[in-house]
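Peer 1: With chain A fixed as given, assemble chain U onto it according to the hints.
There are 2 protein chains.
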Amino acid sequence: RAAAVGIEKEEMLASTPDSLLREQSSESEGIRGRFERIIRDAQNRIVAAVEEEDGEGKFREDAWARPGGGGGVSRVMQGGKVWEKAGVGVSVVYGTMPPEAYRAAKGNNSVNGASNGASGGVPFFAAGISSVMHPRNPFAPTMHFNYRYFETEEWNGIPGQWWFGGGTDITPSYVDEEDMRHFHGIYKRVCDNHDPAYYPKFKQWADDYFLCKHRNQRRGLGGIFFDDLNDRPQDEILAFSTEALGAVTESYLPLVQKHKNDPFTEQQKEWQQMRRGLYVEYNLVYDRGTTFGLKTAGRIESILMSLPLTARWEYCPPVDPTSPEAELVDACTNPRTWV
Amino acid sequence: RAAAVGIEKEEMLASTPDSLLREQSSESEGIRGRFERIIRDAQNRIVAAVEEEDGEGKFREDAWARPGGGGGVSRVMQGGKVWEKAGVGVSVVYGTMPPEAYRAAKGNNSVNGASNGASGGVPFFAAGISSVMHPRNPFAPTMHFNYRYFETEEWNGIPGQWWFGGGTDITPSYVDEEDMRHFHGIYKRVCDNHDPAYYPKFKQWADDYFLCKHRNQRRGLGGIFFDDLNDRPQDEILAFSTEALGAVTESYLPLVQKHKNDPFTEQQKEWQQMRRGLYVEYNLVYDRGTTFGLKTAGRIESILMSLPLTARWEYCPPVDPTSPEAELVDACTNPRTWV
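If you read the protein sequences in the order shown, they are chains A and U.
Terminal number for the first sequence in the numbering used here: 339, no gaps in between.
Terminal number for the second sequence in the numbering used here: 1339, no gaps in between.
Mixed in with the good hints there might be a few duds.
[Said to hold, decoys possible] Covered stretches of chain A (chain U as the covering partner; in silico rule of three or more C-beta atoms under 8 Å from a C-beta of chain U):
| hint | stretch |
| --- | --- |
| 1 | 164-172 |
| 2 | 281-291 |
| 3 | 314-323 |
Hint data in this document are derived by calculation from the structure and do not stem from the laboratory.
Where a beta carbon is used, it is the ideal one built from N, C-alpha and C, also for glycine.
Extracted from the complex, chain A is given alone in its bound form (with noise of 0.2 Å):
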């Protein structure tokens, strides 16, 4: 039933072929082949630091394919020592798509243009690469970056499209101002690089977009978010993209490696599940990959790869308004400036 949504059932592959494309197609030199190349490199690179920094844990790989074309490599690490769960995944998927996954992938404006009688599937192309880290350690924090490549041909007279979008953000339980500064510092480096714009805008977009509506409390600390880039030609947004992408490992590991030994009590693990489970809530109601995912039924143990191992919701749970944890509450509440 779920099948008839949307996508055809993905199947297992016994080995990870070198490129997600269409065999013997001319679009390795293209766009889509660099882009391909460019998130697979970066899965196996973050993979093997995460590895060397954990110590213990290996990530494992699947392969899955869709019959209709492309497919995905998916790698997890479950139960780490440092890390409970870390997935980096990476999909290249095209076919078509039902128009409301449209509407999740894209926003409502651009699809309110199709007139009412507007139907079958709209043809897509899409390559992402997308990861959540949880580690063990309460004040170790939560990551999740995202790059993605897409393109819509033309359907019901709305006019192809391609956009680059994507983001890094980071995910603590409590709030270590130094920390901030050297995540948002990297990312505020690279931003400059492209365009003195691109920070303050792509900070603020990612506050607006992490933001938990129904509890008027973004689900962390934010870092960068774009999305529908396209005004530009793509060589410099692919170039933007690969670098953000690139500075991953160097925002994010010097800070669990800072904080994965630290002591910890009963109540600040429990805090930090607490956390989690507005990540899920995040994830499930608002996030754009994982609602464009539910709804055209992709392969559903990628695209909830990103909740966390364990999660925990308590009714109205106390907060002394004077404790680290309502300063995380209120950080999430007010963003703050951080470079």
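Peer 2: Chain U in isolation, oriented as in the chain A frame:
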């Protein structure tokens, strides 16, 4: 910001009012007042029965009011001996709601009749009781019920409407056929007292409604569900709703009593936690009441009190196809006839 989306922020009350309807209102004699008394009485009765069965845990009570009118009484037990978390909430709210909340409450179809330029809030009245109970023991099932009465007034050419909705459904982590015959048998009896067509129709409706489309699996083993019910006089549907609500303790408590002391392994507890993960997915992605609540920025602690205390998401958890865990997945995938 969230408050701007729809309904104004609630305030907590020092004591629980006798009625949540407008003061000095003539409504108390009508359907609104009768329905409020029924759900308030049921809340008292069910809470008392659950406390008695638990033996240790006590429900705390929070009463709240909305500046726009109405309010609610939330009663939550956390950390009981038998139940990890159990909540029974009553709310009586009225005012105007955003069109997107109307869509969530009523389904899309009836709202599409409004012209595209339709604006302003939809005047509504909604009263309901809603509950989820999560026991500790993985062999004792989670249970949910919700019974509600809804009215809208004329809005942008759509005539005012009234309807009843509700149901009770059961979510075990393991299949116990005797339990299911008991639980479904009670609701078949209640339905048959009102219309022999009700049980087959509402059992099927529950099987359809509680489907996690993205996993092609129901969250549990069903029960009854109905919505938009307005095909006979209000009194008759009120009598049916009242009897179904009255059957909750008889249908559920014997199952908990039977299993609350069953021995279990750590693996069985983890399996229960993963089924709770699916429960969270269902509530945040599909459940009408939750999505309505999130969109109208209602009292978030009341809306999310249905979530379990803890949940778990493993990547690709292995399930032996001959195991009791696989049998539960099969029963959630291919709904069975229990009575």
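Peer 1: Hints first: check each against the structure and report whether it holds.
Peer 2: Evaluation of the provided hints:
Counting residues of the stretch 164-172 of chain A whose beta-carbon sits less than 8 Å from any beta-carbon of chain U gives 0, not enough to reach three: the coverage restraint is violated. A stretch counts as covered by a chain when three or more of its residues have a beta carbon under 8 Å from one of that chain; for the stretch 281-291 of chain A and chain U the count is 3, and the coverage holds. For the stretch 314-323 of chain A, the proposed coverage by chain U is satisfied: 3 residues have a C-beta within less than 8 Å of a C-beta in that chain, meeting the threshold of three.
Checked against the numbered hints given earlier, this structure breaks only hint 1.
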